[in-house]
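Asker: Residues per chain are reported as follows:
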Amino acid sequence: MKPLPVFLKQPKNLVVLSAAAVLTGYVVFLIMANYTSQTDLRRSSVERFLEDEQNLARMIGGFFFERKAGMADLAGSRAIAIYFENKALGMTMAYGLKAGMIGIRKRLETFMGERRLGNDPIYRRILFVDMDGKIIAAAGEAAEVTSEQNRSDLLKSCAEEPCIRVITEGAQQDVVMFAPSRFKGALVGVVAAWMDMETIRRHFLAPADPSVHRRLVLNHEKSAAGILSGLHPDVNILSTESGGMDKPIQASGKPETVTCSAPVEGTPFALQSTAPASRVYGETHPRRLLLATAALGILILGTTIYFVSMNTRNRVLQARLEEAAGREAEIQDKNLALEDYRRNLEQMVEERTLQLKEVQKELLQKATEAGRAQMATVVLHNIGNAVTPAMVHVEQMKTDGLEKISFYLNRCFKDLKAHAADLGGYVTRDPRGKEVLTYTETLLLELEKYKTHRLEVVEKIASALSYVAEILTLEQSYGPAAARMNETVDLNRLMEDALLMQAESIRQRNIHVTKALAAGPVSLKIGKIRLMQTLVNLIRNSCEAMDLMDAPADGRRIDVKTFQENGGTGFEIVDTGIGLETGEAEGLFEFGKSKKGSSGFGLTYCREFVEAHKGSIVLTSPGPGKGTTVRVAFPPSA
Amino acid sequence: MKTNFSKIMTCGGLLIGLFGVAGVTFAGDLADVKQRGVLRHLGVPYANFVTGAGDGMDVELMKGFAGYLGVRYEYVPTSWKDVIGDLTGKKVKAVGEDIEVLGTVPVKGDVIANGLTFLPWRQKIVTYTTPTFPTQIWVMARADSPMTPIQPTGDIGRDISAVKKQLRGRTLLGVANTCLEPSLYRVAETGAVVKMFNGNLNELAPAIINGDAEATLLDVPDALIALEKWPGRVKVIGPLSEEQGMGIAFAKTSPELLAACNRFLDQCRKDGVYLELVRRYYPAVFEYYREFFTNDR
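Protein chains in written order, with my numbering: chain A, 1 to 638; chain B, 639 to 935.
Be careful, since some hints might not be right.
[Unchecked claim] Here are the simulated DSSO-like pairs of lysine-lysine, each with C-alpha atoms no more than 27 Å apart in a straight line:
| id | chain 1 | residue 1 | chain 2 | residue 2 |
| --- | --- | --- | --- | --- |
| 1 | B | Lys802 | A | Lys87 |
| 2 | A | Lys87 | B | Lys803 |
| 3 | B | Lys802 | A | Lys106 |
| 4 | A | Lys528 | A | Lys515 |
| 5 | B | Lys803 | A | Lys184 |
[Stated by the list, open to error] Taking CB as the label site, the calculated pair distances span:
| id | chain 1 | residue 1 | chain 2 | residue 2 | range |
| --- | --- | --- | --- | --- | --- |
| 6 | A | Glu161 | B | Pro844 | 37 to 47 Å |
| 7 | B | Gly849 | A | Met197 | 52 to 62 Å |
| 8 | A | Ala88 | B | Pro844 | 20 to 30 Å |
| 9 | B | Pro769 | A | Ala88 | 30 to 40 Å |
| 10 | B | Arg824 | A | Ala88 | 25 to 35 Å |
| 11 | B | Thr791 | A | Ala88 | 20 to 30 Å |
FYI, nobody ran anything at the bench for these hints, they're computed from the structure. Note that the Cβ used here is the ideal one computed from N, Cα and C, for glycine as well.
With the hints as extra help, turn the sequences into a complete structure.
Answerer: Structural data, given as structure tokens:
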């Protein structure tokens, strides 16, 4: 006994192989079942084609049956009876009989108008013909169509009941329906109605499927329904070839069309329908379908095996894709959250910026007020400096030697008064008297000296008062009353005033100031108070820069100058103070930065003011301990 | 002698009438109708000219004429006996082809449009428009009458004679003051027993069916309607007159109104309105008098 192959020894492989064999068998079974069904379907399709046409033929037969009934009613109508009643009374066409004839015509017209299929007329023409073959009344198309001979024959052929005839007149063929009309039991005429075959064709013969062609043919043999031609050799149904369904058609080859015939009962017609063979049998032969299905089965089996093997990989890929999709969705969510956060952040920044602007504005206001207060302090300080010596002089005036001189003059007066009797002798002879004159001269000299001293003191006091008045005037000119409006100022004058305001501070620091002011007034339209504050700020900064280094007395210097260049104006303050580190200058303009530990708002204030007037402010320094230069320049429009 | 006496009486009547109407209102001429703003149509229900149901061929013609004049239409019902007096203000009596004026009556209308046949005596008191409808007088008998319809010979005179031969001893209905007045056709000479019918002209056919008489005079429009309404119960024996015409009548004092009506009728014939009315109310008449309508559109 031959041993089993190795791969069949593994149970899993054996199961798979068994399943594949079962599946293959099942597919083969399905293919064969399909082939058998297709073959049966071809046969039933042909049978159904025939049956459909038979049903349609029955429907057409029913239609003609109804028409016959209608024609019988018309032939027996009262209008025709009236005509014959009047005729029976002996009335003639000339005197009264025409009225009956008109009645028949009206009835025929009404009949024609009422009998319609949808909107299409069933009849083209209706005549009432008497037994002499004379047309009594007509409705519809007026042309004569039948010869006298034809009419006579027709009257005979349709004497008993309604009938349908095909009348051939030259090349013209018409389907005419006849109905005999009787009066008191005797045949008196015939109603003949020409059918509108276009209406019948449109409603019965025009198929939904344009590939099928139908027509009514004369069917004198009265053959039974059946397939006339086009039966495929391998379709085994009985059909008719010239009547009867007892002979199979021995067709050969591949037919192009299939034609069947079904008699229309009650008429001389048969419905003959021709359809493409592909419509009846289908486009493809079952054998070809069998081959195609088998190929498809093999393809499906192979593909199934392939797909099974691919399935796992696909699942992994699918899982990864799903995971990636999940991540993408997560990223999208986060992006959305970030987008929201960004929007919130922008809003917060806007709000904070707004707050900062408010705070800055508030600080600016406070700085302005502080500057003003500072100016006021400087003014008060200056006034104090002026008033203190004056007070000292006043005190001196209170305690100086005028009282002593007055005392000695009084004693001289009392001596002279005591010796009034011999005043001459006393001053010429008496030693004391002689000294009185000398003493008096000395007192007068002292008095003169005192007077001179008094004058000097008064002048000093007056000078101090004058200085106070000048400071007050200056303060008034830069006071709040000047408001913040722009006005034309002389930069030279403002520089002088600023130096004057800082004069005491400069003096105390023993700083030597040099001025290099531009010739003539340097006009500038600007906020006068704020420019003064800026000048005072910068001069004070220069003064304080001296404090931060132990400079020799001869090295303490501040050089100020004003200038007009290219239509612009400006000033420069150069000190010999502590100077700046490299890169330190820009930082000092930021709020909160200061070399001397203050709020650092002074320079911020100065820069905002200068930039508000489209000017520039630049701090430069050769280096630490080498002094600082601040240069402020305004454009021509300022 | 009798004839001379009748003529004298007629002329005398005319003179009395002429004087008698002094102060009596005449039928309005065109200006009066326009001033009054209404056209008064005198009518008697008769065949399909005035049906009595508010329509009729002449009713529609007169409504159109009123519209043509720009005035309101008003139908004034009257009777065959009074219709001439209501138009002219003169009460007259037909005496052969002449008239006898019996007195004056109030004028009630401006126009008679009623299938009024042209008769010689009427033409002496009213004026007609151009003929609007053809007619003829037929003898119609009950279906069971021994009288038999004549066979047309193609000669109207011989046909009339054939009919008159059958009237001897038969009772025959006629209507005074109308085209059915037997004396107009010398019926008395035939030996027929004439009975004057006092009812509506539309009732003549039912009257003979009911046995009031064996036969009646009927004009063609009414005969066609009778044949339609009572088929198999009446029969037409044959003609008693040659072809006649019908028209619209005005008082002789309304020449401008007459001329306006003739213009209106011409317009109706040209634009097809007239023929359409005939088709609607008398479709059968074309079979009998096709020539009459040849010139109409």
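Asker: Mind checking the hinted window 20 to 30 Å against the Cβ distance between B:Thr791 and A:Ala88?
Answerer: About 22 Å separates the Cβ atoms of B:Thr791 and A:Ala88, which means 20 to 30 Å holds.
Asker: Do the beta carbons of A:Ala88 and B:Pro844 sit within 20 to 30 Å of each other?
Answerer: 22 Å, holds
Asker: Do the beta carbons of B:Gly849 and A:Met197 sit within 52 to 62 Å of each other?
Answerer: 55 Å, holds
Asker: Does the structure keep B:Lys802 and A:Lys106 at a Cα separation of 27 Å or less?
Answerer: Judged against 27 Å, a Cα distance of about 34 Å means the pair is violated.
Asker: Between the alpha carbons of A:Lys87 and B:Lys803, is the straight-line distance 27 Å or under?
Answerer: 22 Å, holds
Asker: Check whether the Cα positions of A:Lys528 and A:Lys515 lie no farther apart than 27 Å.
Answerer: 21 Å, holds
Asker: Given the hinted pair B:Lys802 and A:Lys87, is their alpha-carbon gap at most 27 Å?
Answerer: 21 Å, holds
Asker: For the range 25 to 35 Å, tell me whether the beta carbons of B:Arg824 and A:Ala88 fit it or not.
Answerer: 32 Å, holds
Asker: I want to verify a distance hint. Is the separation of the beta carbons of B:Pro769 and A:Ala88 within 30 to 40 Å?
Answerer: 35 Å, holds
Asker: Is it true that A:Glu161 and B:Pro844 lie within 37 to 47 Å of each other by Cβ?
Answerer: 40 Å, holds
Asker: If you draw a straight line from the CA of B:Lys803 to the CA of A:Lys184, is it 27 Å or shorter?
Answerer: 32 Å, violated
Violation of the numbered hints given earlier is confined to hints 3, 5; the remaining hints are satisfied by the structure.
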